[in-house]
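Student: Listed below are the residues making up each chain.
Protein chains: 2
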Amino acid sequence: MKQEQGTIIEEAAGGIIHEVQGTAMKPEHANQIANVLEAVKSRDIQNVYFVACGGSMASLSFGEYFISKETEVPSFVYTANEFIHRNPKSVGENTLVILRSHSGTTPETVEAASFAREKGALTVSISMEAESPLCQAAEHIVHYNYKDGSDAIDGEVGIFYTLIFELLNALAPNEKYKRVVSQLPNVGELIQKNIEQFADAANEFGKKNKREHIIYTMASGAYIHHAYSFTSCLLMEMLWIHSNAIHSGEFFHGPFEITDYDVPFLVVKGAGTSRPLDERALDFVQKFSDKVEVVDIETLNYEGVDEDLKEYFGPALAGSVLRLYADALAEHTGHPLSVRRYMWKMDY
Amino acid sequence: MKQEQGTIIEEAAGGIIHEVQGTAMKPEHANQIANVLEAVKSRDIQNVYFVACGGSMASLSFGEYFISKETEVPSFVYTANEFIHRNPKSVGENTLVILRSHSGTTPETVEAASFAREKGALTVSISMEAESPLCQAAEHIVHYNYKDGSDAIDGEVGIFYTLIFELLNALAPNEKYKRVVSQLPNVGELIQKNIEQFADAANEFGKKNKREHIIYTMASGAYIHHAYSFTSCLLMEMLWIHSNAIHSGEFFHGPFEITDYDVPFLVVKGAGTSRPLDERALDFVQKFSDKVEVVDIETLNYEGVDEDLKEYFGPALAGSVLRLYADALAEHTGHPLSVRRYMWKMDY
Numbered sequence: 041m042k043q044e045q046g047t048i049i050e051e052a053a054g055g056i057i058h059e060v061q062g063t064a065m066k067p068e069h070a071n072q073i074a075n076v077l078e079a080v081k082s083r084d085i086q087n088v089y090f091v092a093c094g095g096s097m098a099s100l101s102f103g104e105y106f107i108s109k110e111t112e113v114p115s116f117v118y119t120a121n122e123f124i125h126r127n128p129k130s131v132g133e134n135t136l137v138i139l140r141s142h143s144g145t146t147p148e149t150v151e152a153a154s155f156a157r158e159k160g161a162l163t164v165s166i167s168m169e170a171e172s173p174l175c176q177a178a179e180h181i182v183h184y185n186y187k188d189g190s191d192a193i194d195g196e197v198g199i200f201y202t203l204i205f206e207l208l209n210a211l212a213p214n215e216k217y218k219r220v221v222s223q224l225p226n227v228g229e230l231i232q233k234n235i236e237q238f239a240d241a242a243n244e245f246g247k248k249n250k251r252e253h254i255i256y257t258m259a260s261g262a263y264i265h266h267a268y269s270f271t272s273c274l275l276m277e278m279l280w281i282h283s284n285a286i287h288s289g290e291f292f293h294g295p296f297e298i299t300d301y302d303v304p305f306l307v308v309k310g311a312g313t314s315r316p317l318d319e320r321a322l323d324f325v326q327k328f329s330d331k332v333e334v335v336d337i338e339t340l341n342y343e344g345v346d347e348d349l350k351e352y353f354g355p356a357l358a359g360s361v362l363r364l365y366a367d368a369l370a371e372h373t374g375h376p377l378s379v380r381r382y383m384w385k386m387d388y
Numbered sequence: 041m042k043q044e045q046g047t048i049i050e051e052a053a054g055g056i057i058h059e060v061q062g063t064a065m066k067p068e069h070a071n072q073i074a075n076v077l078e079a080v081k082s083r084d085i086q087n088v089y090f091v092a093c094g095g096s097m098a099s100l101s102f103g104e105y106f107i108s109k110e111t112e113v114p115s116f117v118y119t120a121n122e123f124i125h126r127n128p129k130s131v132g133e134n135t136l137v138i139l140r141s142h143s144g145t146t147p148e149t150v151e152a153a154s155f156a157r158e159k160g161a162l163t164v165s166i167s168m169e170a171e172s173p174l175c176q177a178a179e180h181i182v183h184y185n186y187k188d189g190s191d192a193i194d195g196e197v198g199i200f201y202t203l204i205f206e207l208l209n210a211l212a213p214n215e216k217y218k219r220v221v222s223q224l225p226n227v228g229e230l231i232q233k234n235i236e237q238f239a240d241a242a243n244e245f246g247k248k249n250k251r252e253h254i255i256y257t258m259a260s261g262a263y264i265h266h267a268y269s270f271t272s273c274l275l276m277e278m279l280w281i282h283s284n285a286i287h288s289g290e291f292f293h294g295p296f297e298i299t300d301y302d303v304p305f306l307v308v309k310g311a312g313t314s315r316p317l318d319e320r321a322l323d324f325v326q327k328f329s330d331k332v333e334v335v336d337i338e339t340l341n342y343e344g345v346d347e348d349l350k351e352y353f354g355p356a357l358a359g360s361v362l363r364l365y366a367d368a369l370a371e372h373t374g375h376p377l378s379v380r381r382y383m384w385k386m387d388y
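These protein sequence lines are chains A and B, in that order. The numbering of the first sequence is my numbering, which starts it at 41 and goes up by one. The numbering of the second sequence is my numbering, which starts it at 41 and goes up by one.
Don't take each hint at face value.
Said to hold, decoys possible - Okay, derived cross-link-like pairs now, BS3-like style, lysine-lysine, Cα gap no bigger than 25 Å in a straight line:
#1 K109(A) with K331(A)
#2 K159(B) with K109(A)
#3 K385(B) with K129(A)
#4 K385(A) with K327(B)
#5 K331(A) with K248(A)
#6 K350(A) with K129(B)
#7 K218(A) with K216(B)
#8 K159(A) with K247(B)
#9 K247(B) with K129(B)
#10 K331(B) with K385(A)
#11 K129(A) with K327(B)
#12 K327(A) with K385(B)
Claimed, not checked - In silico negatives: residues of chain A with every beta carbon more than 10 Å from chain B:
#13 A177
#14 D240
#15 G289
Source of the hints: derived by calculation from the structure; they are not laboratory data. Predicted model only: the values in this text are computed from it and were never measured. Ideal Cβ positions, reconstructed from N, Cα and C, are used throughout, including at glycine.
Sequences are here, hints too, so could you generate the full structure?
Tutor: Take a look at the structure:
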C-alpha cells in the first residue's frame, strides 16, 4: 500500500522529480522548488504568510490549511492589500511569504512582494510568467506552465502541491509528504478521469440552474477555499450570478435562515476531517430546498494514490471538477466565462 | 491630549476599573478579567485562538485583528466546529483559547472549550450567562451584563474591549492600551450619541431598500467582521435578505463584476490603515450602482477619546450603528428581527 510509487529520477533537483507512468516534472521547475527549500532550511522560519488576491489567494489557502493542521508553524492567508495595510507585526526575517498571481501582474500582489522583501522576509512568487513583475519582485520564483501542452505536474496544480508538500516536509518531516510528492505525477491523468466522471452531472446542473440569479456555495475544511473561488471568480465575476461561499460550520449560525424551497445551493461534501460539518449542513438544505447540488469529494477517482494520502489529493483534484459546473452554466445561459463588463475595459 | 482620563478606583481588580463621569466597571467583572490576565502572565503564551460561531465569532475577530497588527503573537479565528475537526496542531499548553457565546449554550463552542482544555490550553469563556455550559467548560469566565440596565462598560462591548486591550498590554506592553481601558467607560455614552447621530440615515436606508432581495456588504480591516455579522446574522438570518460580505481588497478580484445599477451595497468606510481599500471600492460602486449606502466610521462621535485611540474605539462603536440599518429594514419591511423559520422551531 505505502510503496514509493514514483521513482526518483533526478537527484540534482533535491529529489523532487518522480516519474509515474512516464510522467515527471521538468528539471527547471524542480530546481526552482529545490532552491526555495534550500532557502527555507537555511533560515529559522517562524511563520508562513500566503498573500495573493481572489482565486490565487484561494489556491494558496490550501497551503495554510495543511500547515495549520499538520505543523506547529503559524501560517496565515491575506488578500494582498489587507496584508500591506494591516502590516502584520510578525512579518520579518524569519517569515516565509508565498505570493501568487497567474499573470504575475496583479498590482497589489506585486506591491506585497516588495513590501515583504523590504521587511527581510523570504519571498517566493508563483506565476505562469517567469518574467512578470511579481517574479521580479520576489527573491525566488516558482514558475508553472499553462495551456502549452505540458502535463499537469508542470502546471499550476502539480507545481503548487509539490511545493507545499516539500515545504511541509521541511517544516515537519514526515514520510507521507514525500509519498505525496512521488505520487503527484498521477495528477494529470486523475484530473482527466475526474473530468470525464463528472461531465454529465455538471451538464445537468447547468441545465437545471440556467435561470437562477443567485446560487450559494457551501463547504468546510480545505474545500471552503474552492467554494470561495467558485463564488467570487466563477459565479460573481464570470457568470454575474449572485453568491456567497458559506462555511458549513457557520451555516447554522445565521445563513441557514435564508434557505427556502427555491434557493439553490452547490455543496462540496468534502473528504477529510471536516466532512461531518458538510453532511449536517447538506441534510438540512436537502430537506428545505429543492435545488441542491452535491459534489462529493469522496467519490472522486484517486487511482494510484495511497489510501492515507487521498485527503491531500482531494483539494488538488476538486478545482477542475468544480470548473465543469461553471462551464455548464456558461453553456446553458449562453454567457461565456470570458465575458466581463469592467475588467480589461477600464481603469479602476 | 494623552492624559489618563479614567481614574483608577479599584487597585484590587488589577487596575482595570477606571471611572469616567461617574461610570466604572463593576468589581466582579474587573476581577474576572484580572484573573485571566494573571493566568496569561503565569504561562508562556505562544499563540491565541478565538473560537466561536456566527456573530460571536465575528465579535472575537477584533481581538485577532489588533493582536496581528500590533504584536508578534500568532492569533487565529476559527468557527468552533472547524477548530475541533481541523484540530490545529499548535494548540497546546502555551495556547490561550478565548471562546464566546451570548447564551453560553452554543453546542459547538461548548465542545470546543472542552476540546481545547483537554489539550492543556488556557481557556476563557465570554458569555452573558455565568452559569452556562460554556462557562462551566472553560477554566476562566468573563461575564457581561445584557439588557439589565447596566452601563455599556459592563455589557458585551465594554467587557470585551477591556479584556482585549488588557491582553494586548500583557502580550506587548504599551501605554496606549492602558489609555484605551481608562477611556472605555465612555463607551456607553458614545454608543448613545452615535445611535442618535445615525438614526435618520439608517431610517432612510430602510425605506429605500425595503423591496430589495439582495444587499451586499463591503468592508476591510477590522470592519470586515462587522460586514460579516451584518450579512450572516442581520440580513440572512433575521431579514431573509440574500447577502455576501465582500472584503474591499478582494472586490476587484472577482466580485466587482456583479455590480450593476440595481445591485445594492452597504459599504463600511473604515477608519484606520485599510481605509484606502474601502475608498477605492466605494468609488467604483458609486459609479456603477444607484443603490450604495455608506457608513463612514470617521464621522462617528468619539467624544472623550484621544485622537490616537480612535482606531481602537471605531470597531467598538460601529456595531450599534450598523444595527440601526437592520432595525430600519425590519421596520419598513414589516419583518421583525426576531422572526425565524427554523431556529427555535426544530432540531437541526
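Student: Are the Cα positions of K159(A) and K247(B) separated by 25 Å at most?
Tutor: It is violated: about 49 Å lies between the C-alpha atoms, which goes past 25 Å.
Student: Is it the case that A177(A) keeps its Cβ farther than 10 Å from each residue Cβ in chain B?
Tutor: Fine: 18 Å to the nearest Cβ keeps A177(A) off the interface.
Student: Is the claim that G289(A) lies outside the interface with chain B correct, judged by CB distances over 10 Å?
Tutor: violated (4 Å)
Student: Hint check: K385(B) vs K129(A), CA-CA at most 25 Å. Holds or violated?
Tutor: Violated - the C-alpha atoms of K129(A) and K385(B) are around 46 Å apart, more than 25 Å.
Student: Please verify whether K385(A) and K327(B) have alpha carbons no more than 25 Å apart.
Tutor: At roughly 15 Å apart (the allowed maximum being 25 Å), K327(B) and K385(A) satisfy the hint.
Student: Taken at face value, is the distance from the CA of K248(A) to the CA of K331(A) at most 25 Å?
Tutor: It holds: about 9 Å lies between the C-alpha atoms, which stays within 25 Å.
Student: Check the hint pairing K327(A) with K385(B) against an upper bound of 25 Å on the C-alpha distance.
Tutor: holds (15 Å)
Student: Take the C-alpha atoms of K129(A) and K327(B), compute the straight-line distance between them, and say whether it is at most 25 Å.
Tutor: violated (36 Å)
Student: Taking only the CA atoms, is the gap from K109(A) to K331(A) under or equal to 25 Å?
Tutor: violated (33 Å)
Student: For the pair supplied as a hint, K247(B) and K129(B), is the alpha-carbon distance within the 25 Å limit?
Tutor: violated (49 Å)
Student: Given the proposed pairing of K350(A) with K129(B), does the C-alpha separation stay at or below 25 Å?
Tutor: holds (20 Å)
Student: Would you assess whether D240(A), listed as outside the interface, keeps its beta-carbon beyond 10 Å of every beta-carbon in chain B?
Tutor: Answer for D240(A): holds, closest chain B Cβ roughly 28 Å.
Going down the numbered hints, you'll see the structure goes against 1, 3, 7, 8, 9, 11 and 15, while the others check out.
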